[in-house]
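Engineer: Listed below are the residues making up each chain.
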Amino acid sequence: MAAATVKLLRRRLLAALPTLFAVITITFIIVRAAPGGPFRDEKAVPEAVRANIEARYGLDEPLAVQYVKFWRNLLTGSLGPSFQHPERSALGVLVGGAVPSLILGVAAALVALLLGLGGGTLAALRPRTSPPVSAVALIALAIPVFVLGPLLIRLFALELGWLPAALWGSPRHLVLPALTLGLPVGGALVRFWRTVLTESLDAPECIAARARGLSDLEVVRLHAAPRSLPLLLNYMAPMVAALVTGSVVVEKIFAVPGMGRYFVDSALARDYPIVIGATLIYAVALLVVHTMADLAHARLDPRLHREHNR
Amino acid sequence: MICSRPTACVIAAILLAWTAGCGSGEEHTGYVGRARPPDRPLLRIAQGGDPAGLDPTRYSDQPSWRVARLLFEGLLAFTSEGRTTAGVADGWSSNSEATIFTFQLRPEAQWSDGRPVTAEDFVFAWRRVLDPKFGAETAEGLYIIKGARQINSGKADPHSLGVRALTERVLEVELEHPDPEFPIRTALPSFFPLPPEHVAARYLDWPGGLDPVCNGPFVLDRWLPDDRLIVRRSETYWNREAIELESVVLFPLADPNTTINLYRAGEIDWTTANTIPMDQARELLRRGAPEVHVSSVYATYYLELNTVREPTNDPRVRRALELTVPRESIAEGIYGMGHRPSRVLVSTNLPDWTAPEVPAGDSETARRLLAEAGYPGGDGLQPLVYLYNAGGPHGAVAEFLQGAWQQQLGVRLELIPMDFASMEERGRRGDFHLLRSSWLADLPAPVEFLAVFQAGNPNNLTGWEDREYDRLLEQARHVLDPGERNRLLRTAEERLLNDAPIIPILHYATVQLIKPYVEGLTPNPLDVIGWAGLRVNLEWRPPR
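Order-wise, the sequence lines are chains A and B. Each residue of the first sequence is one higher than the one before, starting from 1 at the first, in my numbering. Each residue of the second sequence is one higher than the one before, starting from 1 at the first, in my numbering.
Just so you know, these hints were derived from the structure itself, not from any lab. Bear in mind the structure is a predicted one, so any value in this text is a computation, not a measurement. Do not take every clue at face value.
Stated by the list, open to error - In silico DSS-like cross-links for lysine-lysine, where the CA-CA straight-line distance does not exceed 30 Å:
| hint | chain 1 | residue 1 | chain 2 | residue 2 |
| --- | --- | --- | --- | --- |
| 1 | B | K133 | B | K146 |
| 2 | B | K155 | A | K43 |
| 3 | B | K155 | A | K69 |
| 4 | A | K43 | B | K146 |
| 5 | B | K133 | A | K43 |
| 6 | B | K133 | B | K155 |
| 7 | B | K133 | A | K69 |
Said to hold, decoys possible - Which chain A residues stay away from chain B? Per the calculated CB distances, all over 10 Å, these:
| hint | residue |
| --- | --- |
| 8 | V23 |
| 9 | G37 |
| 10 | L295 |
Glycine included, every Cβ here is placed at the ideal spot set by N, Cα and C.
Taking the hints into account, I'd like the entire structure generated from these sequences.
Structural biologist: Right, dumping it as structure tokens:
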């Protein structure tokens with residue numbers, strides 16, 4: 001299995017390199033093609049001042065030279081300084097934001113899994129509970145986060161005073177943003193998991209297991225769930241990637257110092273290093289999560305297991 | 001039925017909890033959310049973003065300036081009412097032409113490492129701001145100093161700058177032209193001193209993540225970017241006895257709803273200028289909540305008209321548009337927070353300033369002017385391209401104007417919302433008829449506004465140039481008598497408004513929330529704050 005894993009990882013990595021190269025190059029071209037440029041605010045500066053700023057950041061050089069220099073920096077692990085925060089490196093800015101985003105994303109994924117798998121299993125095993133569970137799931141899915149977040153803040157922070165209204169720094173600060181981010185994903189997962197599990201429960205080995213006298217939960221745990229897990233992994237992988245790389249809206253509502261905001265703010269400010277860095281991080285996260293899903297998939301699905309061992 | 005019960009129960013529980021919570025409404029208490037002072041002398045501030053950095057001389061965004069004024073101090077400083085007062089300098093004088101200024105530095109002024117602040121620290125910092133290698137966006141602010149423009153353009157050596165340390169405590173500054181109000185300018189962060197021995201090692205990127213050695217009322221405690229910036233009272237500041245706050249925390253809250261939520265939850269004591277949602281600010285003003293503070297600012301909202309492109313190259317078209325702007329409706333209906341409708345560019349609340357006469361007329365005059373220009377009732381006019389930066393109330397303003405001009409003049413607008421960088425780029429290409437704009441003065445001087453339309457100013461996208469206007473401004477710069485200077489500037493503004501390359505709409509105001517236990521904090525037109533005397537009354541309790 002270890003050899004198969006290494007083989008899969010090697011294959012993934014080889015496929016990832018041209019993908020990342022393309023992502024970076026396309027992003028570089030798109031951000032440079034956008035009208036306007038960095039260091040522009042409501043008060044324009046004289047030409048001499050602008051020329052000095054552009055010379056300092058190498059923006060006065062031909063685009064091809066900038067592109068080559070960008071790659072040279074990137075290969076040494078640098079994206080250059082952030083244009084919005086010139087005293088800080090773009091990588092430092094992004095890594096600083098990635099940690100809270102990751103924590104929030106993992107917490108939200110847990111909320112989603114708890115709600116999705118719990119609700120989905122209940123609805124699949126007890127068809128009578130399916131309509132109310134589906135209704136709750138639908139509500140969670142349908143309420144946009146920019147409504148759900150303020151609703152939770154109003155209730156739990158302003159009216160009841162149980163939790164902080166926003167900011168970051170303690171586990172209590174994590175509760176409301178994780179719920180806001182996780183509930184809609186959980187709502188979607190309930191419906192997905194119920195459908196998948198219901199189909200699995202009709203499979204011959206599940207019917208046989210029931211006939212052998214296994215309880216419903218044992219049937220799910222031993223037969224139906226393992227059968228459905230590969231599908232779940234495929235379904236969850238892009239969602240988890242999106243969750244851990246930060247949500248613009250949720251991070252803004254709860255003032256989480258994550259990297260979600262950079263996807264929008266840096267593009268508007270034409271902060272080229274941050275735009276490319278944020279895109280790169282998102283692409284890497286997607287690749288990593290998909291690779292992990294494939295690895296898990298290979299381990300869980302006996303057919304793939306055989307194929308990789310071949 | 002049975003199946004729907006759990007759903008109904010959940011919804012009912014939420015609604016019950018909601019309505020139970022709503023019982024403790026703000027209307028009953030009169031306060032905006034919780035009003036309980038912190039347990040120590042601490043001020044928690046919401047500002048609309050993170051500072052770009054900690055170098056006081058390098059940036060021009062408001063959060064950076066606020067932090068700069070916490071950590072550093074210039075020759076002059078601001079009081080909490082927005083007036084200038086002695087800072088590092090305890091005395092200053094000038095020659096009779098107001099071209100050479102001498103500042104005496106107070107001996108007790110020192111850096112946070114204990115070294116006295118010297119005149120050489122100012123010389124070093126000002127040369128660095130103008131150094132082309134440094135590439136500071138604030139350099140233009142120092143162009144008034146002799147030789148500054150040439151140095152910044154790379155045509156002269158930084159050492160030729162008209163500033164000299166005569167002794168450790170005497171600084172002499174020579175100006176390009178007379179300016180009796182130059183000392184006020186030195187209260188701006190781009191004129192702050194820096195400690196050369198610390199900056200030299202990281203000349204381009206100081207402090208670059210390190211704690212800056214500083215000379216202001218506070219020193220940096222911690223900066224967690226995008227989360228909070230904490231400063232604590234300096235033990236070396238010359239006026240430390242007057243600083244009552246132990247520490248200040250600044251939160252870079254970009255979302256107005258988050259800001260007001262935290263204020264209501266009692267986690268913020270002061271929301272700085274216009275950082276709360278406009279609808280809620282209006283509602284609080286309507287309720288007369290005493291924590292809401294409205295202050296006019298030296299800032300004007302106006303439209304730039306393309307004077308090169310048809311049909312706005314015709315002054316009659318421009319004046320027709322100007323005469324039919326529904327200013328009251330915009331100021332009251334869209335803003336409604338102390339914004340003053342205005343037909344002039346220079347903020348009318350500047351001290352000792354009288355606004356010029358504006359060409360009279362009504363909608364009938366406007367229709368006549370349009371007809372004279374060859375477009376009776378708007379016939380023959382293509383829709384005018386109106387650019388504005390999306391977000392905020394600019395879209396609503398554009399729609400108001402679209403309706404008013406269509407109805408009164410038969411002029412149609414093509415509204416184009418854009419992000420700011422794209423709008424600026426398109427504006428610079430001249431690909432527009434009307435473009436939303438605004439100007440915020442850093443200092444209480446009319447020329448701060450009027451210089452925008454002097455030839456060569458990069459902020460003027462109208463293409464309008466007028467030699468007489470430029471001459472009047474240049475002449476005013478050399479006049480020492482404030483009355484005569486203002487008369488010349490008023491004449492210049494009259495010329496500008498007569499020709500109408502711009503359409504002023506309103507003068508801005510700010511709305512801020514300040515907890516009742518915060519004392520000595522006075523919102524002012526320059527939106528600056530003096531830290532001396534500002535306190536949090538820890539004993540404060542809501543009256544029963």
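Engineer: Is it true that the CA of K133 (chain B) sits at most 30 Å from the CA of K43 (chain A)?
Structural biologist: holds (21 Å)
Engineer: Say whether it holds or is violated: V23 (chain A) keeps its Cβ farther than 10 Å from all Cβ of chain B.
Structural biologist: For V23 (chain A), whose nearest Cβ neighbour in chain B is about 23 Å away, the distance exceeds 10 Å, so it holds.
Engineer: Are the Cα positions of K155 (chain B) and K43 (chain A) separated by 30 Å at most?
Structural biologist: Between K155 (chain B) and K43 (chain A) the Cα gap is close to 24 Å, so the pair holds against 30 Å.
Engineer: Is the hinted pair K155 (chain B) and K69 (chain A) satisfied, with a Cα-Cα distance of at most 30 Å?
Structural biologist: holds (29 Å)
Engineer: Assess, step by step, whether the Cα of K133 (chain B) is no farther than 30 Å from the Cα of K155 (chain B), and give holds or violated.
Structural biologist: Within the cut-off at roughly 13 Å; holds.
Engineer: Is it the case that L295 (chain A) keeps its Cβ farther than 10 Å from each residue Cβ in chain B?
Structural biologist: holds (34 Å)
Engineer: Over 10 Å to the closest beta carbon of chain B is the bar; see if G37 (chain A) clears it.
Structural biologist: violated (7 Å)
Engineer: Compare the distance between the alpha carbons of K133 (chain B) and K69 (chain A) with 30 Å, and conclude whether the hinted pair is satisfied.
Structural biologist: holds (19 Å)
Engineer: Would you check the hint for K43 (chain A) and K146 (chain B), treating anything up to 30 Å between C-alpha atoms as holding?
Structural biologist: Measuring from Cα to Cα gives roughly 23 Å; hence the hint holds.
Engineer: Checking one constraint from the list: CA of K133 (chain B) to CA of K146 (chain B), max 30 Å. Satisfied?
Structural biologist: Roughly 19 Å separates the two Cα atoms, so the pair holds.
The structure is inconsistent with hint 9 alone, although it conforms to all the rest.
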